[in-house]
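Heads up: the sequence lines are chains F and U, in that order.
Residues in the first sequence are numbered consecutively from 11, following this note's numbering.
Residues in the second sequence are numbered consecutively from 11, following this note's numbering.
Worth flagging that the hints you see were computed from the coordinates, not collected in a lab.
Glycine is no exception: its CB is placed at the ideal position from the N, C-alpha and C atoms.
Careful: at least some of the hints might be erroneous.
Listed next, the in silico DSSO-like pairs over lysine-lysine satisfying Cα-Cα at most 27 Å (straight line) [what the hints assert, rightly or not]: (1) F:K357 to U:K267; (2) F:K267 to U:K357; (3) U:K357 to U:K432.
Where chain U lies over chain F, by a calculated footprint (3+ residues, C-beta under 8 Å) [as the list claims (entries may be wrong)]: (4) 169-179; (5) 191-205; (6) 226-236; (7) 246-259; (8) 265-274; (9) 321-332.
Computed footprint of chain U on chain F; a stretch qualifies when at least three of its residues, placed anywhere within it, have a C-beta under 8 Å from a C-beta of chain U [said to hold, decoys possible]: (10) 124-137; (11) 342-356.
Number of protein chains: 2
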Amino acid sequence: MQRYSERALLTDLYEVTMLQAYYLRRMNQTAVFELFVRRLPDGRNFLVAAGLAQLIDYLESLRFGEDDLAWLRECGRFDPGFIASLNDFRFTGDLDAVPEGTVMFADEPVLRIRAPLREAQFIESRLVNLIHYQTVVASKAARCVIAAQGRTLVDFGLRRAHGAEAGLLSARASYLAGFDSTATALAAPLFGIPVAGTMAHSFVQAHASEADAYAAFAQAFPDNATLLIDTYDTIAAARMVVPLAHWLWEEERTRIKAVRIDSGDLGALASAVRGILDAGGCPDIGIFASGNLDEFAIAALVAQGAPIDGFGVGTRMNTSSDAPYLDCAYKLVEYDHRPLRKRSAGKAFWPGAKQVLRRARSDGGLQEDVLALADEDQPGDGLLQPVMRAGKPLAAGPALSGIRARVRAQIAALPPALRLLKATQPYPVRVSEKLQRLAGEVDAAQERQAAMDQARWEQDAE
Amino acid sequence: MQRYSERALLTDLYEVTMLQAYYLRRMNQTAVFELFVRRLPDGRNFLVAAGLAQLIDYLESLRFGEDDLAWLRECGRFDPGFIASLNDFRFTGDLDAVPEGTVMFADEPVLRIRAPLREAQFIESRLVNLIHYQTVVASKAARCVIAAQGRTLVDFGLRRAHGAEAGLLSARASYLAGFDSTATALAAPLFGIPVAGTMAHSFVQAHASEADAYAAFAQAFPDNATLLIDTYDTIAAARMVVPLAHWLWEEERTRIKAVRIDSGDLGALASAVRGILDAGGCPDIGIFASGNLDEFAIAALVAQGAPIDGFGVGTRMNTSSDAPYLDCAYKLVEYDHRPLRKRSAGKAFWPGAKQVLRRARSDGGLQEDVLALADEDQPGDGLLQPVMRAGKPLAAGPALSGIRARVRAQIAALPPALRLLKATQPYPVRVSEKLQRLAGEVDAAQERQAAMDQARWEQDAE
Numbered sequence: 011m012q013r014y015s016e017r018a019l020l021t022d023l024y025e026v027t028m029l030q031a032y033y034l035r036r037m038n039q040t041a042v043f044e045l046f047v048r049r050l051p052d053g054r055n056f057l058v059a060a061g062l063a064q065l066i067d068y069l070e071s072l073r074f075g076e077d078d079l080a081w082l083r084e085c086g087r088f089d090p091g092f093i094a095s096l097n098d099f100r101f102t103g104d105l106d107a108v109p110e111g112t113v114m115f116a117d118e119p120v121l122r123i124r125a126p127l128r129e130a131q132f133i134e135s136r137l138v139n140l141i142h143y144q145t146v147v148a149s150k151a152a153r154c155v156i157a158a159q160g161r162t163l164v165d166f167g168l169r170r171a172h173g174a175e176a177g178l179l180s181a182r183a184s185y186l187a188g189f190d191s192t193a194t195a196l197a198a199p200l201f202g203i204p205v206a207g208t209m210a211h212s213f214v215q216a217h218a219s220e221a222d223a224y225a226a227f228a229q230a231f232p233d234n235a236t237l238l239i240d241t242y243d244t245i246a247a248a249r250m251v252v253p254l255a256h257w258l259w260e261e262e263r264t265r266i267k268a269v270r271i272d273s274g275d276l277g278a279l280a281s282a283v284r285g286i287l288d289a290g291g292c293p294d295i296g297i298f299a300s301g302n303l304d305e306f307a308i309a310a311l312v313a314q315g316a317p318i319d320g321f322g323v324g325t326r327m328n329t330s331s332d333a334p335y336l337d338c339a340y341k342l343v344e345y346d347h348r349p350l351r352k353r354s355a356g357k358a359f360w361p362g363a364k365q366v367l368r369r370a371r372s373d374g375g376l377q378e379d380v381l382a383l384a385d386e387d388q389p390g391d392g393l394l395q396p397v398m399r400a401g402k403p404l405a406a407g408p409a410l411s412g413i414r415a416r417v418r419a420q421i422a423a424l425p426p427a428l429r430l431l432k433a434t435q436p437y438p439v440r441v442s443e444k445l446q447r448l449a450g451e452v453d454a455a456q457e458r459q460a461a462m463d464q465a466r467w468e469q470d471a472e
Numbered sequence: 011m012q013r014y015s016e017r018a019l020l021t022d023l024y025e026v027t028m029l030q031a032y033y034l035r036r037m038n039q040t041a042v043f044e045l046f047v048r049r050l051p052d053g054r055n056f057l058v059a060a061g062l063a064q065l066i067d068y069l070e071s072l073r074f075g076e077d078d079l080a081w082l083r084e085c086g087r088f089d090p091g092f093i094a095s096l097n098d099f100r101f102t103g104d105l106d107a108v109p110e111g112t113v114m115f116a117d118e119p120v121l122r123i124r125a126p127l128r129e130a131q132f133i134e135s136r137l138v139n140l141i142h143y144q145t146v147v148a149s150k151a152a153r154c155v156i157a158a159q160g161r162t163l164v165d166f167g168l169r170r171a172h173g174a175e176a177g178l179l180s181a182r183a184s185y186l187a188g189f190d191s192t193a194t195a196l197a198a199p200l201f202g203i204p205v206a207g208t209m210a211h212s213f214v215q216a217h218a219s220e221a222d223a224y225a226a227f228a229q230a231f232p233d234n235a236t237l238l239i240d241t242y243d244t245i246a247a248a249r250m251v252v253p254l255a256h257w258l259w260e261e262e263r264t265r266i267k268a269v270r271i272d273s274g275d276l277g278a279l280a281s282a283v284r285g286i287l288d289a290g291g292c293p294d295i296g297i298f299a300s301g302n303l304d305e306f307a308i309a310a311l312v313a314q315g316a317p318i319d320g321f322g323v324g325t326r327m328n329t330s331s332d333a334p335y336l337d338c339a340y341k342l343v344e345y346d347h348r349p350l351r352k353r354s355a356g357k358a359f360w361p362g363a364k365q366v367l368r369r370a371r372s373d374g375g376l377q378e379d380v381l382a383l384a385d386e387d388q389p390g391d392g393l394l395q396p397v398m399r400a401g402k403p404l405a406a407g408p409a410l411s412g413i414r415a416r417v418r419a420q421i422a423a424l425p426p427a428l429r430l431l432k433a434t435q436p437y438p439v440r441v442s443e444k445l446q447r448l449a450g451e452v453d454a455a456q457e458r459q460a461a462m463d464q465a466r467w468e469q470d471a472e
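Kindly generate the complete structure, drawing on both the sequences and the hints.
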């Protein structure tokens, strides 16, 4: 049996019903779909695109397994010829996309699929599912990185992430956005991400005394122990760490790496604990903070000068709690060489296969983006690049280290106001004249068609 | 290779580091942990417990695969004897839990693990991950069910759910909370949940005309077609559906089931479309609405009498967008027969193995819950029931139909104010005198121990 996350039926049923309707009408000309975000969440100035590596895996491995076909036969609403046709169903199309770690804005396509209609349509649900979530997390995590101003950041969020895949992929997305490591162990063998781990309150509780717990942990992980000091009384625990640290050094030549504070007024406690450790001759023991942190809490602690060396950031980053979803859409922009768009209230989009041209100033800072037709000759760097052709990746994907470097460089190149944690004047994204003209033509053609339709049906009805 | 979602390393690294420290100290007496929610999200009056079936699967199948052990060996920080001991690591403990679909309140344990310390500790991360997410979704979905007052509800949220498992498990959690079906196809073969699906805007766009698209779909799914009518102009599309419906009936004896509106002022459009369909002799064509819906939007549409027969509810339910996480914790309450708790600021909890006793009035309505020690003799129905003993489930889990019935009955038994969509006077959860006394004793014992510790370390330091 396939992994459930790789089953073709991990999709919306309507992808299958539409496929059957296309099959019965023999519709399968070339379609172009694009994925974009309609508007940024409140308070946000940019997105960080992520998830492309997992999308490529999905597109390469997409096939209906015997389990999937058996269910389609059993459920009684599908045509046998149609079901048989799914035996050979593969993704054979082209994918163009912005590289992972690219900073993006509203209305800009992050990827473009050009494929036979049925393939391009069917992949919608899982494609959005994969790109949306990692983009949500990378965009949130990048804000934490900005707020932390160089302090260590560790992803702590597996337990309250929304399921297994969210736990794993948020470790990846936060790392590529600039986090230093994750607590999620499986992210190390699967993605090569550094992992970090300390102890839980239960570890302190289970020992006969807090000092016993600290000694046991330090002896199990010489030179690498971070001790959790807020189980009972943070200040009293810090006072106990001082003689323990000296004893461990003198008896066993072992150092304590850090202490962790997970509750209370983190800034005030960190200052008091720093004072106790320094006065006790332990200036090398670091202070790590965790507990309900996000970019706002981190920025506040940094602004007040709290002596905190690193932050464990969990739930609020992994669920992107203030903006847990993006208003994104995967839309048909061309079918059989005919550019298209819909006009639904508040949900119109730009027709035709497009490109984003990014223009920089002479100092390397970003100046503006232009949303244009893919075949327009416009100055600027085209963000969408060829990734797959005829269903095959053109090259191995970039290493996570390269993606991290891209995020760093792109955020550094943003106009400074866009790096603030509150919404500011949006980054300028201009729509080319040719694209604006095309949109008007597409709407006019659709209106003519609708009028003809209406007339025909009214005539039929008479 | 195991599925990633079943790998033992899908856990926080600290679960492994603590295990090594326990191994080296030979600590493995019986521990009792409980999972509870510290406080309800803003605006919420109750939770619906969910996820137990997936937790049982996890506990039964937990083992370190060769891949997991290989990584532990490679990463260099673990003791070879410890790693070898993980070869035989299994969950051999007891699980008591409230049945899925039980209505719960703050501070009440939803489950209790009693097992050798290492097992009880190690399972923490994935246990919380599994119970937390489904409880988040079931609690949100139950509010949508209350708001919909009997109208059909369909889960539409796979694409913006946080990953594959979230998509699948939110289909399950929303169905058990009372949704009628899901659009996520794989939920049918995996969980036996009814699935529903219509068409996307792209389907309308790809056809030469809107009427062609509708005819193609109706012919592919006779008597079962729901037509999406907001791609260009909702009112014009509804006017076209009337003659099309008559034509389909006269030519092919096929009925159109419903139309779907996905944008704009859903209430006003539904009224207008209802008028057009009724005036055109199509009173049997239903109206289905979708687009940014949650319990508040549904309640507003129902209150204004919008003629909507069913709602597709996606992103805001699957991400629980107004409360994407619960402040839940899995805490050690007893070790080696010693009751325990921590006292961290704002994060204290009740010590000892506990039970929740639920008391009903003579009319069946809920009166109050009592949080008591598990061995107290208190009136009321004990919510926590034996589920696993010595690592094995005691019985097959209940069918989803039974869980749905439980949710319905429990929500019907709530004091009416608690069924409102805004926060109200909290449901009374009393803490037994014996439990309050025990908490005081545990704190006093810990303080004595801390004082002894402090004195000893200060002496050592001199």
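Consistency of the hints with the structure:
no.	hint	in the structure
1	F:K357 to U:K267	holds, 25 Å
2	F:K267 to U:K357	holds, 25 Å
3	U:K357 to U:K432	holds, 25 Å
4	169-179	holds (count 11)
5	191-205	holds (count 8)
6	226-236	holds (count 6)
7	246-259	holds (count 8)
8	265-274	holds (count 3)
9	321-332	holds (count 5)
10	124-137	holds (count 5)
11	342-356	holds (count 9)
Going through the hint list in order, the structure satisfies each hint without exception.
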